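So the sequences go chain by chain: S and P. So for the first sequence, the numbering used here puts the first residue at -5; every next one is plus one. So for the second sequence, the numbering used here puts the first residue at 28; every next one is plus one.
Treat the hints as calculated values from the structure; they're not laboratory data. What you are looking at is a predicted structure, and each value in this text was computed from that prediction instead of being measured. Fair warning: there could be bad hints in the mix.
As the list claims (entries may be wrong) - Only part of the chain S face toward chain P is listed, based on derived beta-carbon distances under 7 Å:
(1) 17
(2) 20
(3) 73
(4) 74
(5) 79
To be verified - Computed footprint of chain P on chain S, listed as stretches where at least three residues anywhere in the stretch have a Cβ under 8 Å from a Cβ of chain P:
(6) 57 to 67
(7) 109 to 121
What the hints assert, rightly or not - Sample of chain S residues lacking proximity to chain P, with all beta carbon distances greater than 10 Å (derived):
(8) 103
(9) 140
(10) 144
(11) 167
(12) 171
(13) 182
(14) 215
(15) 218
(16) 223
(17) 224
(18) 226
(19) 228
(20) 230
(21) 233
(22) 251
(23) 262
Every residue gets a Cβ at the ideal spot worked out from N, C-alpha and C, and that includes glycine.
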Amino acid sequence: MHEPDRESDPLSGPGEVASPSLVTAADTMTLEQARGLSGRRGARLVLLMGEAGSGKTTLLATLWERLLESGELAGHGLAGSRTALGFERRAHWQRLEARSAEPAPPATEPAEAFLHLRIRRPDGKLIELLLSDLAGAQFEPVREGRSSLAGLPGAARVDRAIVVVDGATLGVQGHSEVAVTRAERLLFALQTGGAFRDTARIALVVTKADAVAEAGERALARHEVPLATLARQTDPEATWIRTAALAADGGPQGLGALLSWLCIDDRPREPARASEVASARSIASFRA
Amino acid sequence: MNGYAQPCLALIGMPQSGKSTYLGALWALVQSPIEEAVREASFIGDRSYIQSLAEQVARGEELHRTGVDADEEMAVELEFTGLGRAAVRIPDTSGESLRVLVESQLWHPRLRGACANATAVMLFVHPAHIRVPQPSSLLTVVEPSANSAANGTAVPFDVHDHACTAAELIDVFENVTELCRLRWPIRVAVIVSAWDRLDETLTPYEWLRARLPGFVSTVESGAQMARLEVFGVSAQGGSLDAHESPLAKGEICDRVFAKDRSGMPVSLVAPMRWAVFGQ
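With the rest of the complex left out, here is chain P (with noise of 0.2 Å):
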């Protein structure tokens, strides 16, 4: 593990990309007594607040947004089947810091400090939140109106607004490599949220070749600075605005569930055990 004795994983994303309610549900498995794949090793430490998230998450409930100035962490020893103990820490970052740092181009200190000690990173995507890039030469003209939306001189850019989603991951992923390039290749593990909503038909790696390619291709070349994975995960089973809501599906144990790179079911914990292990 890169020589250290603690993995320390960076949970980023933007702004309700999933990360809360991923870090909930995979709470709420390590004390199921029917999740197999991983327990806690070790009950010491406060847990008010994952527990707190992850009885929202079995409550179905939509988890509040975690607070820029927040100074949560997980710090807990699990055991992970067939691969040992890890003490794990795992700070639980806003999504509005990450916003700070695109956006005003600023590292806000506690996330500056959850990257800088990270030996992974799980970068959390969610599918309904992607901004894609719309080709100049593809784009109709239109004529000239009213509408300052369509003249060039009324419309600054605006990194919120206007700037595609794997721009933005590039940025980030530029500036999180950076920061713990002595520990390279660190693990970026992506986890595309809400995967419950999303086509079959594409495996996540392949959803986000055909969404991101260049943020992928940003990665895949960097094999230096990182490796990465990918897996979808759906950590509330089912949207929660649907018609049947997904507590209907049993306990979270019986209705998250998560695919890995191919496809394939995996554990909820599968992202946390390969950010861990690296397998």
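In isolation and in its complexed conformation, chain S is listed as follows (with noise of 0.2 Å):
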């Protein structure tokens, strides 16, 4: 009989063999597995950016919620992961937050946790996503200017980015103002952070949808072309996803448009500036 290729375990390090008695899917993945799957199978790298209790982890436990209990979003097929039960630890906590009146789900801990998903796309190509699941803490640095974006777990070879602007607060007299600025902020350490790939794309996601009321739409009408704007600066094809992870009537909005745009191809290679290209030239020709 074969043996299984240990040395290539996703889950192995570099030229680490991995204990018979590891398991290949877990609770979640380090950034080392994730890149280990990301080599190996060209998973996509998914890194959401937001203030700590934006929706950011809720977003992706709803979106596990309602592939699990259907087994599709918008045509989009459940094709497997390899951190389900990490799933499903966000989504109990998740749940008992809805059952109960005093909601008390644990805040995200700073660390460099990644869960998988494996979507079938209508097309029938399979999309391996690798979402990460930071802590909103680990994104004040960088939005701050203190540190470099790249420095983040993940955050160097980003394929999408998703910054989170709670739709709740938007409503909210001086905090909407607030939100709006750590978007734009996020959005210019995307920029300058040297992590984008120029096939990459940048989704600004309103989370909690159902709760922006008249007073969040009118800021959502003043800043929407000017944070779109902003993005489309670094992907020219950038959008704006309302979704509404808990919504209580008619159920989660916003997820199969969501969905549907992480699994969508990578941008075009833009072709090279004529000033890159000169510069290349010359270099080639120097050597030559």
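From the two separate chains plus the hints, produce the assembled complex.
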């Protein structure tokens, strides 16, 4: 009988042989494990950026719940997960929160945690997604300019960046402006961090869209275009997506759009600018 | 058969999912002169364990749990009518070892050995032990109370108590298929046990699709990894707790039954035949 090829086990580090007792699927993946899967299967690294409590983890847990309970979402089928129990743990807290009038889900601890989803697109292609579940606090030094985005786990090679804007705060005087400014600064960090590949994509995701009151809509109307313009300096196809993961009436909203966006093809590589081509030519002729 | 001379079947499932009962009933059928689908082709080797399972099923007894360190293996040469002979190895892995895999994220050496060598997996699911997801958006808010179950702070996540069955099975599927990735695609036969207790209006496939859609989608999407087939089986022929004992229906070959994915009656041997031959 053939023995499995342990050396290429995605949960092993480079050159490291996995222990026979180690499993492939687990609660979450470390950056090293995510890199292994990314290298082997071309998995997409998705960076969810946003403030603590803005709904990043809820978004992930609800996406998982929807896929688990129906097998598909917006024509995209669940094709597996190496972190099924990590999703379940997050969904558990969310279920308790939904049941309790005194919600107390634990805040995400600062760590390098990735959740894995394998999705079958309507055209049959399988897409491997590695979704970062970083704590909101980890983005604070990045948006304040104290550290580079590339220093965050996985951010050095982002394929999809999601900047989360908390819809519930948009309607609150004083908080609205802060929320928008912080999103803006995260977009600047993406622009300048050197982490963003030229085929990657950006989405501005409004969470808790069902809680965006009239004042919130006014704030959105005012800031939607400037933020999108800023995002499109990095990704010309950057888009807004509104989600309401825990919407009481009609169930979660916007998750299908989010999943479709996560699974669409990368942007075509932009042709090199004339100045870059000229510079490359001069280097080539110098070497010759 | 994937280029392997000897098919090796891994029978896996959570505790009390019906693995040993199926194995016992199957062995009784193999020996029954009435069952025509399969017979034992070579009378060599120790049969004491599998024989004891068959006799317990024949007597309508509740089977003892397979111990986590049990080292029982059925290695037999069977002749399947119309398909030919196959030397089949079937390690009887305990449900507890699968629970250790899911809850502690550790391979028990015996389970790992069984899965690493498997050319096909027979995954047992008991309808009475399924936990379905409760979408957060549909849950009702309750007032805070002293009841710790209603208060998120007091109920830490425990896989055993809180994880949905579909999530557990996806975890198992990922681990098992990764372990035998040199033999992709492997056959995965999902055996829904105690089929006699279920609503007859659904076929086994429809039932599985309705109850564990995320898991079915996962297996069906991974066509390069696995091929899925679904069977409903009643390896006792009825509930041992029922008012009328299944023994009243007659011998094992008279009372046990199975249905294929479309709900057509098939022999109890059919799931194993599919696992061995793919038909």
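Practice task
Beyond 10 Å from every chain P Cβ: check whether that's true for residue 140 of chain S.
Solution key: Non-interface label stands for residue 140 of chain S: nearest chain P Cβ at 33 Å, farther than 10 Å.
Practice task
Report holds if the minimum CB distance from residue 215 of chain S to chain P is greater than 10 Å, and violated otherwise.
Solution key: 27 Å, holds
Exercise for the section: Could you check that no beta carbon of chain P comes within 10 Å of the beta carbon of residue 230 of chain S? Expected result: Label holds. Min Cβ-Cβ 32 Å, cutoff 10 Å.
Problem - Outside-interface status for residue 103 of chain S - nearest CB in chain P farther than 10 Å - result: Residue 103 of chain S is indeed farther than 10 Å from all Cβ atoms of chain P, at 14 Å.
Exercise for the section: Would you check whether residue 79 of chain S satisfies its interface hint, that is, whether its CB is within less than 7 Å of any CB in chain P? Expected result: OK, holds: residue 79 of chain S within 7 Å of chain P, min 6 Å.
Handout entry: Status of the stated non-contact between residue 233 of chain S and chain P (beta carbon gap over 10 Å)
Key = Given that every Cβ of chain P is farther than 10 Å from that of residue 233 of chain S, nearest at about 24 Å, it holds.
Handout entry: Assertion that chain P covers the stretch 57 to 67 of chain S - criterion: three or more residues, beta-carbon distance below 8 Å
Key = holds (count 8)
Problem - residue 74 of chain S as an interface hint toward chain P, with CB separation required under 7 Å - result: Because about 5 Å separates residue 74 of chain S from the closest Cβ in chain P, which is inside the 7 Å limit, the hint holds.
Handout entry: Hint status (Cβ of residue 20 of chain S to nearest Cβ of chain P, threshold 7 Å)
Key = 5 Å, holds
Exercise for the section: Classify the hint on residue 17 of chain S as holds or violated, based on whether any CB of chain P lies nearer than 7 Å to its CB. Expected result: 5 Å, holds
Exercise for the section: Say whether it holds or is violated: residue 251 of chain S keeps its Cβ farther than 10 Å from all Cβ of chain P. Expected result: 17 Å, holds
Practice task
Taking the shortest Cβ-to-Cβ distance between residue 228 of chain S and chain P, state whether it exceeds 10 Å.
Solution key: Correct as stated: the minimum Cβ-Cβ distance to chain P is 32 Å, above 10 Å.
In terms of the numbered hints stated before, the structure departs from none.
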